[in-house]
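The working numbering applies: residue 1 is where the sequence shown begins, and numbers increase by one.
Don't read these hints as lab results, they were simulated from the structure.
Glycine residues also receive a C-beta, built at the ideal position from the N, C-alpha and C atoms.
A hint or two may mislead.
Claimed, not checked - Derived SDA-like pairs (lysine to any residue); straight-line CA-CA distance at most 20 Å: (1) Lys50 to Glu65; (2) Lys35 to Thr114; (3) Lys50 to Leu25; (4) Lys35 to Arg183; (5) Lys150 to Met28; (6) Lys93 to Leu46; (7) Lys108 to Gln88; (8) Lys35 to Leu197; (9) Lys50 to Met146; (10) Lys151 to Thr114; (11) Lys93 to Ser54; (12) Lys93 to Lys151; (13) Lys108 to Asn91; (14) Lys108 to Thr51; (15) Lys150 to Ile24; (16) Lys50 to Leu197; (17) Lys50 to Leu33; (18) Lys151 to Ile90; (19) Lys108 to Leu46; (20) Lys50 to His66; (21) Lys35 to Lys150; (22) Lys35 to Thr51; (23) Lys93 to Arg196; (24) Lys151 to Leu57; (25) Lys50 to Asn177; (26) Lys93 to Asn62; (27) Lys151 to Asn177.
Stated by the list, open to error - Computed spacing ranges between beta-carbons, pair by pair: (28) Asp61 to Leu197: 50 to 60 Å; (29) Gly180 to Asn91: 51 to 61 Å; (30) Ile21 to Asn177: 29 to 39 Å; (31) His192 to Leu15: 50 to 60 Å; (32) Gly191 to Arg41: 53 to 63 Å.
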Amino acid sequence: MKKQSASWNFTLIELLIVIAIIAILAAMLLPALNKARETARKITCLSQLKTMASATLLYADNNREHIPCGLAYNKWNAVNMWWSVLIQTINSKAPAKSNGQAMTGYYKIFVCPTEQTPTGASPKFQYSHYGVNIYFMHYTAPVRRMSSAKKPSAVVMQMDSNRKDSYAIIADGYTSNRHGTGRMNSSYLDGHAEFRLRSTDSDKVEKLKNGYERPCNKDSNGCIANCK
Numbered sequence: 001m002k003k004q005s006a007s008w009n010f011t012l013i014e015l016l017i018v019i020a021i022i023a024i025l026a027a028m029l030l031p032a033l034n035k036a037r038e039t040a041r042k043i044t045c046l047s048q049l050k051t052m053a054s055a056t057l058l059y060a061d062n063n064r065e066h067i068p069c070g071l072a073y074n075k076w077n078a079v080n081m082w083w084s085v086l087i088q089t090i091n092s093k094a095p096a097k098s099n100g101q102a103m104t105g106y107y108k109i110f111v112c113p114t115e116q117t118p119t120g121a122s123p124k125f126q127y128s129h130y131g132v133n134i135y136f137m138h139y140t141a142p143v144r145r146m147s148s149a150k151k152p153s154a155v156v157m158q159m160d161s162n163r164k165d166s167y168a169i170i171a172d173g174y175t176s177n178r179h180g181t182g183r184m185n186s187s188y189l190d191g192h193a194e195f196r197l198r199s200t201d202s203d204k205v206e207k208l209k210n211g212y213e214r215p216c217n218k219d220s221n222g223c224i225a226n227c228k
């Protein structure tokens, strides 16, 4: 005796109800999915800064403890930037003295996945989404050694950057809080990287000029100090 196959017949109203339920569930899950996606981007960004810190330490190890400055003095082009030096440290096969945009386009470590403005989109970001601490890596200051820092774990090296100045060739200006209000990723002289609180704009504490602007104040440790 043959079994009769079940017949599933939905009315239009029933289909609309199912679609409505799916839409409601999707609306409930979407914020959580977006949050998870941004968390993944933030972790990627932090990992990139950790790699930059490791590359900086490796460079210093090969150069008598000297760390790369933000910009070679009076050399106003991309190949003399801090990240150009780090590219060679990260990958010895990287092209030397190459076009900056070509290098950062190939090595995505300098491109934050959260930043909506792509590199090359002047005047926002031409080459990198990250900046350096000019109070320790400024081009007009003497080239610093690792041993000059009394507390390396407190000295910022690279950080999320939010370019403000039209004359700058790479990501420049005040720090960015693109990973959440009042927070940013940063790397430190001891090689670690962390997700940290951002100081208030009124204090102008973390002005990360990439080797252009003269520093306002610094302490004996080379830490970022208040710019009045």
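- Structure-inconsistent hints, enumerated in ascending order: 3, 5, 6, 10, 12, 15, 17, 18, 21, 22, 23, 27, 28, 29 and 32
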